[in-house]
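Novice: Residues per chain, in single letters:
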Amino acid sequence: MPYGTDTLTQLQEILGAQNVLTTREDLIAYSFDGTAAMQQLPGCVAFAQTTEQVVQVLRLANATKTPVVTRGSGTGLSGGSLPCPDCIVLCLVKMNRILEVDRANLTLLVEPGVTTLAIADAAAGEGLFYPPDPGSMKISTIGGNVAENSGGLRGLKYGITRNYVMGLEVVLPDGEVCWTGNKCVKDVAGYSLRDLFIGSEGTLGVITRVLLRLIPKPAAKKTLVATYADMGQAAQTVSDIIAAQIIPCTLEFLDRTTIHCVEDFAKVGLPLDCEALLLMETDGHPAAVAEEAAKMEELARKNGAREVRVARDDTEATKLATARRSAFSALARLAPTTILEDATVPRSELATMIRFVDTVAKKYQLRVGTFGHMGDGNLHPTFLTDERNKDEMHRVEEAFKEIFAEAIRLGGTITGEHGIGLAKKSFLPKFAGDAQMRVMRALRRALDPNGILNPGKMFD
Amino acid sequence: MSAGPSHLKSLDYSIVQQCMHCGLCLPTCPTYDATKLERHSPRGRIALMRAIADDKLDVTKAFGDEMYFCLGCLACMTACPAGVNYAELFEHARAEVEEQRVLAAPKRDLIRWFAVRWLFMDLARLQLVGQAMRLYQQMGLQSLLRRSGILSLLPQRLRELEAITPDIQPQFSAEIISPITPAVSRRRYRVAMLTGCAQDLIYSDINRDTVEVLAQNGCEVVTPPEQSCCGSLHAHNGEWTLAQQLARRNLDQFPPEQFDAIITNAGGCGSHLKHYAKLLVDDARYFERAKLWDAKVKDIHEWLVQIGIRVPANARSNRREAAPSEIQDRPSRLPSAAAQQELVVTYHESCHLSHGQKIVSQPRELLRAIPGVKLVELPEANWCCGSAGIYNLTQPDMAGQLLARKLGHIASTGARTVATANPGCLLQLVNGAKERGMKLRIVHPITLLAEAYRAEPEANPFGR
Ligand SMILES: Cc1cc2nc3c(=O)[nH]c(=O)nc-3n(C[C@H](O)[C@H](O)[C@H](O)COP(=O)(O)OP(=O)(O)OC[C@H]3O[C@@H](n4cnc5c(N)ncnc54)[C@H](O)[C@@H]3O)c2cc1C
Ligand code: SF4
Ligand code: SF4
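As given, the protein sequences belong to chains F and X, one line each in that order.
Going by the working numbering, the first residue of the first sequence is number 1, and it counts up by one from there.
Going by the working numbering, the first residue of the second sequence is number 1, and it counts up by one from there.
What the hints contain is simulated information worked out from the structure, not anything from laboratory work.
Heads up, the beta-carbon is just placed ideally off N, CA and C, and yes, glycines get one too.
Be a bit skeptical, because a hint or two may be false.
[Claimed, not checked] List of simulated lysine-lysine pairs, DSS-like, C-alpha gap at most 30 Å:
#1 X:LYS61 x F:LYS94
#2 F:LYS425 x F:LYS363
#3 F:LYS183 x F:LYS94
#4 F:LYS319 x F:LYS295
#5 X:LYS296 x F:LYS267
#6 X:LYS61 x X:LYS36
#7 F:LYS425 x X:LYS56
#8 F:LYS267 x X:LYS374
#9 X:LYS9 x F:LYS267
#10 F:LYS390 x X:LYS56
#11 F:LYS65 x X:LYS36
#12 X:LYS36 x F:LYS94
#13 F:LYS362 x F:LYS390
#14 F:LYS267 x X:LYS278
#15 X:LYS36 x F:LYS319
#16 X:LYS56 x F:LYS65
#17 X:LYS274 x F:LYS267
#18 X:LYS9 x F:LYS390
#19 F:LYS319 x F:LYS157
#20 F:LYS390 x F:LYS425
#21 X:LYS374 x F:LYS319
#22 X:LYS358 x F:LYS319
#23 F:LYS217 x F:LYS295
#24 X:LYS274 x F:LYS319
#25 F:LYS94 x X:LYS278
#26 F:LYS302 x F:LYS157
#27 F:LYS267 x X:LYS358
[Claimed, not checked] Far from chain F by the CB rule (all over 12 Å, computed), these chain X residues:
#28 LYS9
#29 ARG43
#30 GLU66
#31 ARG285
#32 ASP294
#33 ARG405
[As the list claims (entries may be wrong)] Okay, the calculated beta carbon distance ranges per label pair:
#34 F:SER426 x X:ASP54: 22 to 30 Å
#35 F:LYS217 x X:LYS434: 51 to 59 Å
#36 F:ASP386 x X:ALA313: 54 to 62 Å
#37 X:GLN401 x F:ARG312: 37 to 45 Å
#38 X:GLU365 x F:ALA220: 44 to 52 Å
#39 F:ARG312 x X:ARG188: 30 to 38 Å
Could you put the whole structure together from the sequences, leaning on the hints where they help?
Specialist: Pasting the structure below:
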């Protein structure tokens, strides 16, 4: 540990000795997040339970120039909460209270360590709805969701985390507390700093409170599963549905490899003899739902779907969505290291992108399973490899370079929802361009002149 | 011991490497849920094991403590989409801890030697101790001592232990079950029935019920009087060689080729019994037979649903709710006024039945087949009750928290009858209910089914 025992002692005074971990066993358990093949031991792990404690920790870190890596549940997929050497990992999972449900304004005020699922449940308990549902929702924290601006299965119709954040309490690197946003639906007073912190990946401040917007619960929903002998047919179905001006809440797809893994784990009766599967869900007014579901089924069949199955009830629909959420982890059944990306393209370019991923996988002799949010143009090609196989790991890197280049060429982005972190850091300058990079650097320097928050992440 | 100098290092690396640290298992892990510390989570524990395999961490005392703070409930295996074999990792990790003796302390060594190496290696010893305890309880010595206040002189931990010593059954299995029980009507199958050791001592009546139910379903049941422990206690506590020894003994006593199925009625044992092949993988003489054995071992619920349960005829019922003044954990033999009434039952899943053996629907199906039973779902039915082998003795705080949580859920269902299929869970819940003065009857599902058969209008050979 480079920082003196002084720093450690002060940290213990602020948080209580039991909330500062330093044993090797503890540090190992915090030396990774959900990202494959990355590991780094921190200097210590600290748990804050109040905003005031976060303030004091940041003041101390700023004064001693100690790096701080904020952490939620460590499910991030770009290395965002991966420790940097000798840092303090500031873990916020113990700040997990739901502070206020405002039924009059349809808002929810929570601490950052509340899980996404707990938020969805709290909303549902009031007959309301919190739509963002990342695959990791049963454990990911809202702080992590805001910091990564996470998407989910319902992004197509309902948008992403950003669309539900009305206000944030943020502790700035020097320890000053800043509230940005409020319960007003309209507010144009000054720059929207709130929007700056959303997606800031723990580099600009530590989020200590989140004010969320809730919406009325849709009265009805219908879930369909369509299977195809050809991936192109599935992609065409998606295009046709959008062209028919239907915006379903979910349009997810799985390829053959992913279907097999998911079925192996979840046993929900997915057909195993198809090349592609679409999970579609529409919700809203019962009459509209019935009409849209019928239309979607028709379009699926028109495009050669072998089978279209309608979920019998809510329980089956939930089972199917839960199974889909397990896709990424389930692919790990096939290989010890699963490296996934989330290149995103305009929806019109989906079919092209899917074909391209296939070609690249063949070129580099890699096994790939692809799934993703087809309605959003957000793909998750996942390479199945073994981190100990250096040669193959190198080919994976090369393959991703080509995939990113193609995504950019098609007018897309190098990450749709997982963030830059460490994993995509080297691709950002080229993608963002000089002007954006200069502004981002200036902003970061202005807020964090000593560079204590998540140093080395996103860009240098 | 057998697997060389280091269990974790010699373990197939793909097993260690399988965890892709997605964290999806965290919310289902009771120790993570309670502490919010990664070290107490499946993902964190696996990372520690991997660090040992990679030579990045020594087998430390802290590591040893961690492996014994883990309940071994295997909820993480059910939750893990990546198919991580936590059970295997966990057993090897504990074996490693025992071999390196990082937790060695005179008191712990003595207790382990007594329980794991001596007592549970030999049924005769176990019964002997059981008889002594029975005597102690029957002679009124127990209540005398408890009343006398002498017990209060014992250290706190020992006193607590004394309070939860189970009531020893008046008769062991061998005394109430004949070695061969014929099928009641046409014989369709020939099965062996494992009576278990702890089960036999404190719940031999469940063994008798199981044999009766099997016979009622066309099975001829072979139940030799002298049986061995299955070895799960040993494997879960890092005693690899002893576990192998016990497995061989069982294979000798129950040649799998002679039976259609080998039946177990205790979740914890079943989970271990189905994996003898893995245990004996290096034993050329026994390996093939162990594979056949693994295929034939069936949990009682699993087997009954597989062959089709004979639904008991609906007639006089001798079931009853617990009377206000008592807590019942024994089957009732008295017909009561409450007969014919609907019996509200809730079901607690033993970890090793649901997570270990993935037997989830069958016990519920069995309960629903009993006329008059109304099954209400228990919230968090598959969350550990804190019993976890001898966990409630070694980690009383965590075990107590889990027990309180479980009993809270049970109370919320309104059911007075709780069915569960593992002796450890039965004991834990009985003690918890007693402590809190909750009027519950805790009972094995098979006992409810056996009672229903006994209550059928036609006389049957077991009718009492
Ligand atoms: C199986 C699986 C499925 C997934 N599915 C999706 C998906 O469908 N959509 C999607 O978008 N993502 C998905 N993810 C990625 C990941 O779950 C999200 O990025 C999630 O928001 C991370 O939350 P966390 O609490 O784990 O944050 P962490 O991983 O701990 O942290 C993520 C980043 O946020 C920062 N951070 C965390 N808390 C705070 C705070 N309070 N203040 C400031 N910064 C903070 C960290 O420094 C880090 O940079 C998935 C991950 C897995 C493992
Ligand atoms: S054990 Fe399974 S669910 Fe848990 S972190 Fe590892 S891969 Fe994910
Ligand atoms: S066995 Fe149970 S206590 Fe141990 S890591 Fe798995 S879920 Fe947690």
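Novice: Hint by hint, say whether it matches the structure.
Specialist: Tested hints:
no. : hint                            : result
1   : X:LYS61 x F:LYS94               : holds (27 Å)
2   : F:LYS425 x F:LYS363             : holds (25 Å)
3   : F:LYS183 x F:LYS94              : holds (25 Å)
4   : F:LYS319 x F:LYS295             : holds (23 Å)
5   : X:LYS296 x F:LYS267             : holds (24 Å)
6   : X:LYS61 x X:LYS36               : holds (21 Å)
7   : F:LYS425 x X:LYS56              : holds (28 Å)
8   : F:LYS267 x X:LYS374             : holds (28 Å)
9   : X:LYS9 x F:LYS267               : violated (33 Å)
10  : F:LYS390 x X:LYS56              : holds (20 Å)
11  : F:LYS65 x X:LYS36               : holds (28 Å)
12  : X:LYS36 x F:LYS94               : holds (7 Å)
13  : F:LYS362 x F:LYS390             : holds (18 Å)
14  : F:LYS267 x X:LYS278             : holds (25 Å)
15  : X:LYS36 x F:LYS319              : holds (27 Å)
16  : X:LYS56 x F:LYS65               : holds (29 Å)
17  : X:LYS274 x F:LYS267             : holds (22 Å)
18  : X:LYS9 x F:LYS390               : holds (21 Å)
19  : F:LYS319 x F:LYS157             : holds (21 Å)
20  : F:LYS390 x F:LYS425             : holds (21 Å)
21  : X:LYS374 x F:LYS319             : holds (25 Å)
22  : X:LYS358 x F:LYS319             : holds (17 Å)
23  : F:LYS217 x F:LYS295             : holds (23 Å)
24  : X:LYS274 x F:LYS319             : holds (29 Å)
25  : F:LYS94 x X:LYS278              : violated (40 Å)
26  : F:LYS302 x F:LYS157             : holds (23 Å)
27  : F:LYS267 x X:LYS358             : holds (12 Å)
28  : LYS9                            : holds (15 Å)
29  : ARG43                           : violated (8 Å)
30  : GLU66                           : violated (7 Å)
31  : ARG285                          : holds (33 Å)
32  : ASP294                          : holds (20 Å)
33  : ARG405                          : holds (17 Å)
34  : F:SER426 x X:ASP54: 22 to 30 Å  : holds (27 Å)
35  : F:LYS217 x X:LYS434: 51 to 59 Å : violated (44 Å)
36  : F:ASP386 x X:ALA313: 54 to 62 Å : holds (60 Å)
37  : X:GLN401 x F:ARG312: 37 to 45 Å : holds (38 Å)
38  : X:GLU365 x F:ALA220: 44 to 52 Å : violated (32 Å)
39  : F:ARG312 x X:ARG188: 30 to 38 Å : holds (35 Å)
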